[in-house]
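Chemist: These protein sequence lines map, in sequence, to chains U and A. Take the first sequence: its position 413, counted from the start at 1, is 1296 in the working numbering, and no numbers get skipped. Take the second sequence: its position 261, counted from the start at 1, is 1144 in the working numbering, and no numbers get skipped.
Treat the hints as calculated values from the structure; they're not laboratory data. As the structure is a prediction and not an experimental result, all values here were calculated from the model. Watch out, some of these pointers could steer you wrong.
The list cannot tell twin chains apart, which means a pair is met if one copy fits it or any two copies do.
[Claimed, not checked] When the alpha-carbon atoms are kept at most 16 angstroms apart in a straight line, the in silico EDC-like pairs for lysine to aspartate or glutamate are as follows:
no. : residue 1 : residue 2
1   : K999      : D1027
2   : K1343     : D1286
3   : K1343     : D1252
4   : K975      : D1286
5   : K1450     : E1389
6   : K1195     : E1174
7   : K1358     : E1401
2 protein chains.
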Amino acid sequence: MIYIGILNLYLYLYLYESVSVCLNTSEASKNRINRVIPMKSGSLPPPTPTPTPTDPMATPLLTDLYQFTMAYSYWKAGKHLHHSVFDLYFRKNPFRGEYTVFAGLEECIRFIANFKLNEDEIAFLRSAMPTCQDGFFHYLSQIDCSDVEVYAIPEGSIVFPKVPLMRIEGPVAVIQLLETPFLSLVNYASLVTTNAARHRLVAGQSKTLLEFGLRRAQGPDGGISASRYCYMGGFDATSNVAAGRLFGIPIRGTHSHAFVSSFMGLDEIVGKTLQSLDGSSQCNDFVSLVESWLEKIQGLKSSIGLYGETNKSELAAFTSYALAFPNNFLALVDTYDVMRSGVPNFCAVALALSDLGYRASGIRLDSGDLAYLSIQSRKFFVAVEREFGVVGFEKMTITASNDLNEETIDALNKQGHEVDAFGIGTYLVTCYAQPALGCVFKLVEINGQPRIKLSEDVTKVSIPCKKRCYRLYGKEGYPLLDIMTGENEPAPKVGERILCRHPFNESKRAYVVPQHVEELLKCYWAGNSSKEREELPPIKSIRSRCIEQLDHMRPDHMRRLNPTPYKVSVSAKLYDFIHFLWLSEAPVGELQ
Amino acid sequence: MIYIGILNLYLYLYLYESVSVCLNTSEASKNRINRVIPMKSGSLPPPTPTPTPTDPMATPLLTDLYQFTMAYSYWKAGKHLHHSVFDLYFRKNPFRGEYTVFAGLEECIRFIANFKLNEDEIAFLRSAMPTCQDGFFHYLSQIDCSDVEVYAIPEGSIVFPKVPLMRIEGPVAVIQLLETPFLSLVNYASLVTTNAARHRLVAGQSKTLLEFGLRRAQGPDGGISASRYCYMGGFDATSNVAAGRLFGIPIRGTHSHAFVSSFMGLDEIVGKTLQSLDGSSQCNDFVSLVESWLEKIQGLKSSIGLYGETNKSELAAFTSYALAFPNNFLALVDTYDVMRSGVPNFCAVALALSDLGYRASGIRLDSGDLAYLSIQSRKFFVAVEREFGVVGFEKMTITASNDLNEETIDALNKQGHEVDAFGIGTYLVTCYAQPALGCVFKLVEINGQPRIKLSEDVTKVSIPCKKRCYRLYGKEGYPLLDIMTGENEPAPKVGERILCRHPFNESKRAYVVPQHVEELLKCYWAGNSSKEREELPPIKSIRSRCIEQLDHMRPDHMRRLNPTPYKVSVSAKLYDFIHFLWLSEAPVGELQ
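Just chain U, with the same shape it has in the complex:
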């Protein structure tokens, strides 16, 4: 018991010292004011209400039952208003990589801004927890997030294990109710954004990346979130119309195999007229024009080989599609046979369009050997350009879209290919290579007392204390490492040497002289307090932040195979405190 007494004294000293340091950092925080929007100042108009969550299913009941049973226990113990601090973080980067992109913040803020249990929800909880006292349900009906504060790393930032993505503070019973929805809104969002960023890195900046995953996503919201966050992670467009509408993401799409096979032959096409692009003339029989071009192509005896009969239902479908979308003719060419039918049929229609001043968009390959078929198709286009003198025909866009993922794109790059755009679905949106990110939500302080969660597995031990987090940059402009400190420790300073320690490995330490220091956690929700809070930026800004940050990482952290881990550290003082608290909480065994 004496030992425990000494520990408590130490704890007291630690906390006391923290308070004395507090004055220093409050000055530093003023520097952030020019980057934030004051939301609650007296002379300003009242802030616009934050919209509700995009998914109407994100209600206060979208949580685990134990959040409510705990809330009741807190309430019963008179503890529900105790001021708690929780960290939301993950322990391991996904996809065998060494980086993650943080996403989902805006949805969390929308969630808490509108957090309120309605009567029906309370009635359901009453039926689910029949032994709980009435006063508790009355309490539940009163709560909102006006006493909650949320600090977070900006959405679209590159983030690393153990560093809190979000710090959530407020009455413990309320904060617990937020745990599951926050994790549900951040885990998949960050995972799929990271996956999209990885696909962008492997495909390269020059390629167009299209997200085609809605049909294979994990439920409607999985599909809509995927489209949103893939765009955030660097994709160019989606096939998902609802996501396009909700988030202003460019949408793309042409036709499917069913469209092609729904035609039997050219005689089905009734309206055969097509105006030229400039409106100066009209072709009265576009079908015959297409047929005449097909004959010319079949007559070609060049490097592209001999072409016999092509599939007539396919030709009819292409012709029909071109009549509907002469400005945007892109054909799916693998319904019957890419090189024997799809490509020559496409070229016939594209050449007919060209006669009327239209420029076809290109083809989509959805099966077979994409490297080979893209190269053969390109050769065909080159030959057509040469034979018929149609300038630019060889530049036709080739889109590929059959079960693509990081590995297959990497393999295509190594083999050589002529693909300009990748349409990626299943592997992207379900995060097939690792379909879950393990974000957790851990209590780090209650009523000013730092708390720790131990585990047999050291990677699962939580880092206690309300913390500040910084990213330190080196001479070359790259981030060197992230460091966490106690809330009231002085901030690392540019040009000043600081000791950075691995949080759990005693011998891993480094001195760092930062050239630039970035504080990571910013206030995004201040409740009823008068603190300034950051604005929620539009998706295009988040996307730009993500692309820019990815671009500014040291390349060895970003490579696909055996990347170098980015260092995450704690201050010397926080290191000591973690280990002090660990020993004070872990029971000492007794051996005989």
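Dock chain A against the given chain U, drawing on the hints supplied.
Modeler: This is chain A only, laid out in the frame that chain U set:
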């Protein structure tokens, strides 16, 4: 051209013959009437409207853009009303297994029952497709699913590759718009139901299975769908409150590590009184009662070893939770140390409750070696029962919940363990072992003309024609195989030998004499027609169907390693027709 002419004659004969057979099967279909609810009969009250989709995000815009561009092309070609037949099916069972559970049907029916594009949606489409003519948007504003018919295998059935889970018929432009939402509603639903069923098979019927995956699911709907479909696949309960409310699924939950570490010590507990279960007496200091039991446990010198100081914050949390839920005390015991702290603390509280007539529920283990810790915990409970004479104490429920999946449960079974209930999250709900099911939606007939989609990969060739599907049962009561026939072929008959052919492998054939014949596809949506349609059963009935069907499969199809494939076949006539159509559509190469 002569060759093509002969093929057309053959096609004509095929179709003609089908018509003549039609009369036979219409009789057979009458037998189903007693199992269906007539929805549109003159004397009956009007049917209740089908509710909207559970996820409000499942709107007509939840689709790929190409569905709308195709709709426009069909409309432009005057083809949009052509009567089309599409099959929804998958090509390969998930999880290296040989079976799949079909789910998501009810949501599809809800979707089409409420399918209607509103003005805002039309306006968005107009902006996204600016070159399309006004008449098209007018057409879009008029469409609903009154001309659509949906035939499906009942939800919760065991299903196999290539056999249509659903056959969707109606105007081609409308049916195309349904493709993506249907796939989005069926793919994940069937995948996660199958995953749940697999977890049930490996855990065994005697264990309690709890779904704890909301926080790791792919978005809010991913979480809600997971809870629903895991219950359907045989789970007992979920932690997800919203799913409990929406679907009437039992919900479960107690407390987390944060709750445990939020307490500092017993002096925090203010209200210490607890009434006995029968109300006859009151304990005024439950905390002291707990402490006295802990001392007795620490004094035990039995086979369970020596116990020193336990963690006091944990003891306070357990005591507090027991005061809130004396009838349902279940403690998470691994926050600090399972055997040195969690289990003795739990027993102290459980014994104190027992003094007042309450029976504690048990413990939850969330880290470490679950086999070892469950066995040690059980030994502890046995010793407590023996030492203190508390009858039934050894039967305390042990729940395990740390990153469990099929493999870890199988490994636990092999090692031996004392776990009674498994709480399964991440691996279950994200279907980690295979996070996507590849259901597709293929055109098989248009305006009475069978259609085929070819591919370099033979497994991707579609099976043409509007079909009927049957499951044939053998003498032992097990299903023998599924067979697809042309729509108008006579149904297989009990006791009559029928030739069943592999659809693509010429040499794989078998004669079958079925003991029972089950027609698989039933009408679930009849549009405005007067056809009877099946009722949508409640989730509990679907769950029972699933459990019963799993139970009635031949065990070698169901085993985890190297299961025997279940046979899927076509009639001799359909076989011939598939290959005839294939040859007629595939272009013939020209070699020099």
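Chemist: Quick one: which hint numbers does this structure break? Sort them smallest to largest.
Modeler: none
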